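J.: We have chain U; now place chain Z onto it with these hints.
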Amino acid sequence: MTQPMIEIEDLSISFGLGKDRVDAVKNVSFTVAPGESYGLVGESGSGKSTILRALAGLNPFWSGHMAITGQKLGAKRPRALRRLVQMVFQDPFGSLHPKHTVDRILSEPLTIHGFDDVETRVRAALDRVGLGPVFRFRYPHQLSGGQRQRVAIARALILEPKVVLLDEPTSALDVSIQAEVLNLLTDLRQQLGLTYVLVSHDLGVVAHMCSRLSIMRTGEVVETASADELSEGRLLHAYSRQLLIASRGYDTAAIAAFGDF
Amino acid sequence: MTDWAIAVTPPRWRRWLLAETPHSRLQARLSRTYLSWVTFARNPLAMLGLIIVGILVFLALFAPWIAPHNPIAGDLGNRLQPPGESHWLGTDQQGRDIWSRIIFGSRTTLLIIFMVAITAAPVGIAIGATAGYLGGKTEAILMRLTDAFLAFPKLVLALAFAAALGPGIENAVLAIALTSWPPYARIARAETLTVRSTDFVAAARLSGASDLRILIGHIMPMCMPSLIVRVSLDMAGVILIAAGLGFLGLGVAPPQPEWGAMVSEGRTQILEQWWVCTYPGVAIFVVSLGFNLIGDGLRDVLDPREG
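Protein chains in written order, with this note's numbering: chain U, 1 to 261; chain Z, 1 to 307.
Keep in mind the hints are simulated off the structure, nothing from the lab. Don't take each hint at face value.
[Stated by the list, open to error] Chain U is nowhere near these chain Z residues, computed Cβ spacing over 12 Å in every case:
#: 1; residue: Trp-37
#: 2; residue: Ile-55
#: 3; residue: Gly-74
#: 4; residue: Pro-82
#: 5; residue: Gly-84
#: 6; residue: Leu-193
[Stated by the list, open to error] Straight-line distance between alpha carbons at most 27 Å, and here's what the computed DSSO-like set of lysine-lysine pairs gives:
#: 7; chain 1: U; residue 1: Lys-72; chain 2: U; residue 2: Lys-26
#: 8; chain 1: Z; residue 1: Lys-137; chain 2: U; residue 2: Lys-76
#: 9; chain 1: U; residue 1: Lys-76; chain 2: U; residue 2: Lys-162
#: 10; chain 1: U; residue 1: Lys-76; chain 2: U; residue 2: Lys-26
#: 11; chain 1: Z; residue 1: Lys-154; chain 2: U; residue 2: Lys-19
#: 12; chain 1: U; residue 1: Lys-162; chain 2: U; residue 2: Lys-72
Since the model is a prediction, treat every value here as computed from it, not as a measurement. We treat Cβ as the ideally placed atom computed from N, Cα and C, and that holds for glycine.
Bound conformation, chain U alone (with noise of 0.2 Å):
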C-alpha cells in the first residue's frame, strides 16, 4: 500500500479547561491518499473547521496522531513542513490583508521561502487562477468576492504545496460564482496532482468534488461513505440520511419527518 499523503488517528480536540471544557473533536480517524479529494461534511458546530484548522497548524490544543507525507505532526513544525499543507478560507473578504495588494499577498509567502524568480512566479499564479495581470497591483477592495477567492487560492498554491485544505470555499459567494471556483480548484488537483480535505455543509458541493467523506457530528465521525454511495443515496445512518434529504431543497413532509439528533 502507498503512504497516505494525510493520516489522521484518534485526533481530539479541546477547548477550556475545567468545567468550561469542551470537546470540539473526539477520537476521529481517517487517511486520505494522495491526489485524493477528501470531505468533512457536517452542520455547525459539527467541528469539522476545527479539524481543518489542526491540521494546518493553527491550533496547537489537540491530541491523537497526525502525519503529512509520512511526517509526524509536533506543536511546532518546521517551515519546510508547513509549506508543503496552506489553506482556502471560508470568507475571501477577512482572509486577504485589506492594506496589501495582490502583488504582496503572493510575494510575501515567496520571500519567506526564500524561492528564487519571485516575479515569474506571482504571474504564473495569477495566470493559473484565471486572473489577468491587470490585477496584480490592485488591493482586495478593488476586487469582487470571487476573485478574491481566486486571489486566496493564488497564495495557497504559490508555495506548491502537497494538501490544500478547502474551509468552505465557496459558501461566502455568489451561487453563480460558486460553480466557477469549484471547477477551478478540481482542475487545479487534477493539473498539480494535489490532495484536497474539503470541509463543507453541503453535500451537493462534497458530491461533486471529493471521492470520499466523513459526514460529522457533535464532534464525532457518524459515517464514512464514498462518492458513489452519496449520490446513490445509500447512507447507512439516520442523521447521514437526513442530511441528504436537507440538501435537496426544502419540502415540508421532509422537514415535519426530522429527527433531533
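T.: Relative to chain U, chain Z alone:
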C-alpha cells in the same frame, strides 16, 4: 465617485492616479494616497486646520526672514508699546517685538510636537501591538507597565523632571513623551486584539511568517489609522502642556522666545498692556485648534471601520 468622471478629460497625472488597474507598486500606493487626500480635501474644516499648521511650519522654517525685529535683543526705550505700525502686535516689558517673538516661538512649539510624536507613538504601538499579539504573561506585564505610566499626571511628572534635570526643551520633551505613550499602547493593543484572530493573520502564519514579520507587516498597519488620528488630536494637548511648562518657567531658557513663557511674562500687566499676553495666547489657541481640526479630518479619512 462620478464627479471626476464627468469632468472634460482630466489631466494625465490624474488619470494615472485614478487608474482602475495600476501597473506598479508605486502607482497602487500613490493612487490610494491620492484618494485619501481627495476625501480629506473635501472637508473644509480639516483644510482650515491644515492651512493653520502649514502656516506654522512656514513661519518656523523661515523665521529669520519673516520676523521684522530681533526676537531677543530688546529696546528699553520702546517698552510696552501698544500694537502699531512699527510693532504690529506691540512690544513687551523689555521692548522686544511680540510678533517676532511669536514667529520664533513657533520653532520651539513645532520642535516639541515633532519630538513627542516621533518618540511616544512608536513606543506606544510597539508595546501595545506586542502585548496584544503575544497575549499571556507578556501582555500582563506590558499592560501593567502601561497602566503605571498612565497613572502619572503629565504636568506633575514634567515638573519633577525639570526640577531634577533642570529646565530645557529636551527635558520637557522627555517628560511629555514619557507620559504620552500609554494611551497609544492601549489603542494599539485594542486594534491588535481585533486583528490577530482574523483569517489574513492565520494565512500569514500558514505561509511561514515569523511573529515579528506578522507584527510589523500585518498587524501594525492595521493599528496605524486610529493611532495617527489619536496622535494628531493629542498634539493640541502637547502644545498646551509645553506652554504650561513655559508658563511655569520650566520650558526653554529665558531669553529664547516661547509662547507659554511670553504669556507668563505679561501676566502682571494683563489689564493695562493686554497685548503682551493676549497675542501669544491667541497663537497657542489657534495652533491647538488647527491640530484638532486636522485630527477630525483624518478620522473621517482613516476610519478603520471603512475598510
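J.: Give a verdict on every hint.
T.: Hints, verified against the model:
no. : hint                 : in the structure
1   : Trp-37               : holds, 16 Å
2   : Ile-55               : holds, 32 Å
3   : Gly-74               : holds, 54 Å
4   : Pro-82               : holds, 55 Å
5   : Gly-84               : holds, 55 Å
6   : Leu-193              : holds, 16 Å
7   : Lys-72/U x Lys-26/U  : holds, 20 Å
8   : Lys-137/Z x Lys-76/U : holds, 20 Å
9   : Lys-76/U x Lys-162/U : holds, 19 Å
10  : Lys-76/U x Lys-26/U  : holds, 22 Å
11  : Lys-154/Z x Lys-19/U : violated, 46 Å
12  : Lys-162/U x Lys-72/U : holds, 15 Å
Comparing the model with each earlier hint shows a violation of hint 11 alone; every other hint is respected.
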